[in-house]
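Enquirer: Two chains, two frames, a set of hints: combine them into the complex.
So the sequences go chain by chain: A and B. Here my numbering is used: the first sequence runs in plain steps of one and ends on residue 88. Here my numbering is used: the second sequence runs in plain steps of one and ends on residue 1626.
Think of the hints as simulated: they come from the structure by calculation, not from any bench.
With a Cα cut of at most 20 Å, we get these calculated EDC-like pairs of lysine to aspartate or glutamate:
no.: 1; chain 1: A; residue 1: K27; chain 2: B; residue 2: E1129
no.: 2; chain 1: A; residue 1: K27; chain 2: B; residue 2: E1141
no.: 3; chain 1: A; residue 1: K27; chain 2: B; residue 2: D1156
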Amino acid sequence: MTDESTPQATRTIRIGSSNGLHARPAKLFAQAVKDAGIPVTISKGSGGPVNAASILGVISLGAEKGDYVTLVADGDNADDVLDRLAELLTTDHDE
Amino acid sequence: MSELRGVGIGLGVAQGPVARMAEPLPAPEDVPSTLSPEEEIARVREAVAVVARELETRGSQAGGLAREVLEAQAMMAEDPTLDQEVLTRTTAGKTGEFAVHDAFATFRDTLAAMGGYLGERAADLDDVAQRVIARLRGLPAPGVPDPGHPFVLVAKDLAPADTALLDLDKVLALVTTDGGPTSHTAILAREKSIVAVVGAAAAKDLTDGETVIVDAAKGVVTTEPTEDELSQAQHRADARRTAASAPITPGALADGTPIPLLANLGKPGGAAEAVELGAEGVGLFRTEFLFLSSTNAPTVEQQAKAYTELLTAFPGKKVVVRALDAGADKPLAFLNDAHEENPALGLRGIRALRASEDILREQLTALQQAQAATEADLWVMAPMVGTVEETEYFTGLCRDYGIKTAGVMVEVPSAALMAEKVLAIADFASIGTNDLTQYTMAADRLLGSVSSFQDPWHPAVLQLIGMTGAAGKATGKPVGICGEAAADPLLAVVLVGLGATTLSMAPTAIADVRATLLQYTRADAERIAAAALAADGAASARAAAQAAADTVA
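Chain B on its own, in the form it takes in the complex (with noise of 0.2 Å):
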């Protein structure tokens, strides 16, 4: 056996065989033709027949969105107009692969040129085209694999069109030799509580049909895994699945100390699948949904409404509504246009709303109207507070509004840096540790070059969430943690031993945070804390946690 070390996406194990994901074709050059054009066409026909049947079976398969792409994508396939471009090719003596990619081109440009839906279509039909070409040529088509059974995928790392027509049946583990802890794939991961390991480089090296145990609570894919280690990750994962429908207890320590767990969700739909995952709660209520796809502000009743609909989900339960964020990765044209060269530093958050006092209030007013009308145990925040005095101007809004229980989000270092002073006016603080990171490293976490930066587990970063949690016990308020970082287990119990009073996070990682922090007492939980707090950097932190963390068990 031996070990390919990459970044494990939660607690999962699985084990199987592995299948690529095939790397684009390179172009067919322009070489004269040694069949006939006829031969040439005919060749050509058979192959867009062969896929275009493919892309319907595999939409019929696929059902709902990914059918309707998968059968346009089987209608451009067998397009007569292209048909009779790649038709002019052959007859002047032109290889079918080339007349393939070259008629395929003008279309492709065409379209691309036009922009928009239509310039998103243009990588549709590279795919037909990359499709058809492989078939000419005898090779594997691109994309992803379909050995016809349950496999490891593994790939570079996956684009969203990939993971749109990835049947998650058939997938048992993904592998990537690129990207890290927030890319598209380690998304997906989370998201479908899916076993990753993403960023595991040596991986390149894996081969169709071998047997690897892919472990992410390790981090590590084992290649050539004898009978003992199969049996082992078997075990585990038998456990594991037992634990996730085992009944559902409130999130809680081994000493019995309660730490609720609550879900992060962007629509009130979402509301229902986080209850049965075992949401207490939600813990961030993203707002900005009901105003991404307008030009203008929705009314008060339209947001009365939806809010109303996602505190019904939740009886007697506490639900943070966070106010609309805009500004940097979220521009609202009737909110913030003005261009800024650092949007990230620019006017968002309660600065964006504060400058557009009505669309505030207009909210605070909906908010109070769902609050009325339900029996949840509704909290609201501001996103991107970075002063005492902005503070004092949200919560007294608040109040002003009736909102019950006011608070901030603790984003900006300053904030965490303040908190003391910050939690004698709020009623509580939730730390969002992905810009918490962001601005603590001063490295934009849209911007790839520097996205070696954007890990939550440095202990810079831990020092301030630990700030914030001894203002919060020092003020009786409680402090919670929403954002990615609640959903690492090894860190949420990192967070609790920082002083986090509840965590909130995508509810499908609810189930192994749940049955990570069962694990520790409050005392352990500090200790593996402190642990991580010495250590010099992300990786070592992680490192040095995992090793107090060890020590326990």
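The shape of chain A in the complex, shown without the other chains (with noise of 0.2 Å):
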């Protein structure tokens, strides 16, 4: 899929909502990756990665607060994507 010209972003991020990554801010996350309009992934710890759009996909890794999981963006706008997907993830949505 990626290519030399295409320029790549990694995050490792904390889960920072109390209910994990489910419920409200998976579909808050799934959401924003769609809107981005980029390629995103994400993986929790050593597991493989899923597509950061589908909500389903984001639900059922079953990541919980305090879990590390790894964004990668591929895209122009890469790092600002990431950027702002990180702190959606690291805000305590459920409070």
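Expert: Take a look at the structure:
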């Protein structure tokens, strides 16, 4: 998928929501990825990456508060996109 | 016209066109597609988009929590991973219906296997799959119908997930073929004051669009009603609406005997609404909410704050707080985590509190602080008291802590049989009719297979209530009722006839009970109660009471 000319960005983030990455946070996150318009994957720990725009994929990770997830984005504004997504994931949406 | 019989919830009457809840669709069969893979995937994507937009629209109409759930469901419908899975299957020559069914099922099983919160999302995904498949087949979507106008909802029974999405402004009445007076539908109807007849088996033959009259007071659904019947029903509905908006008077019988009508509450936040609906105080405040979410007992300060918030809403009025009732259906890790074969007969209520006396002492300390800080008349009672000795123990401890009024709940038949001795010590008794029925009939109230025994109209239960009422009279102590029974207007009259001095119920039931009590004198109530007591069983007791009441009006 990736070639040398496509900028790729990676972030590892600790989940901040007290209920983990499901329910409302999963929906907000998958929606934000969809809106970003570039391919983003998310993986938990050493697990395989899933499409981060897939709410089912995101929910199925079963990521809890404090778990580490890794985001990888491909595209021109990959760094900006990941900054925004990282902020979403570290914020506690369940308070 | 013809009449379908069921159990009415409340006293209301309503009329309107039927809308049936569609039955779940059978799973699609794996037959080869007659269309090209391109045509199949295009059909699926069209259906998915329609379903997703529909869910979003419903979400923005519903607002709040339901909106979040529906928007998440819309995203599940259009999930890109799911789309890939469907595409793989249509490319292999499957029909769109089967591809959707099979692809959703894969995810569903993954979620279900994860359990807990994720397991519950499996049900959301099932619902989405059903909607997409229904759309592909050109059938109405399963679940709550949305005919675009107010309707009488006819269903087998309603699940909590159905009712969460129910637009109550559109529902004129509820009719179910299954389920009884304690079903989820009945509880919802009582809570929201919706006219309902449950367990009307013959309602399975009602068709969409036909006009029916739903009469909860009689427990009857009238089909093909005449003009005359429709206008009579309308007249009654109007009269009832007027009564509900009439100035709230204290609960009383026709002869002026006061019967204070109190509210059952589970959280301090419910107090304002209860007062608005005419509650003259609180007859049962359940304290479990403070404890259920924690692995440790809450602190005295946390408890005192919550009790003070509650008591502040009722200056000069009676507020009966029940000490923590754990065990059986409400296990609390820090109180009783030992496995029991028969939890309803195990270490629960006052027994559990005694075994963890620190928790009881802390609760009484917090209650006394709230009592001192507010103007309310605080009464405190113990759950599941079965003996005179337990009564002595609890009221003694209350007095040590400066609680002014200490009583016991009568839920165990032994307490009713010993009521005069119990009331010689306690300041008051409050009858918990749900548990009293479960223990009298030896039928687990949580077990569906014996739910027919869980009927407080049974004369055996009424006799025990009568004994407690008589003991109250003999000792000059108040005997209240808290529990579903007091919310049934006719049964409320019977309970007063048996000696109940106050009635406590869900706040939404108060208006109906107030209106009914005003129709009968004490002598009437005693006669109606005697008719019920003389019956052989629950159904005949209800019929006998109704017949006796009809001769008054």
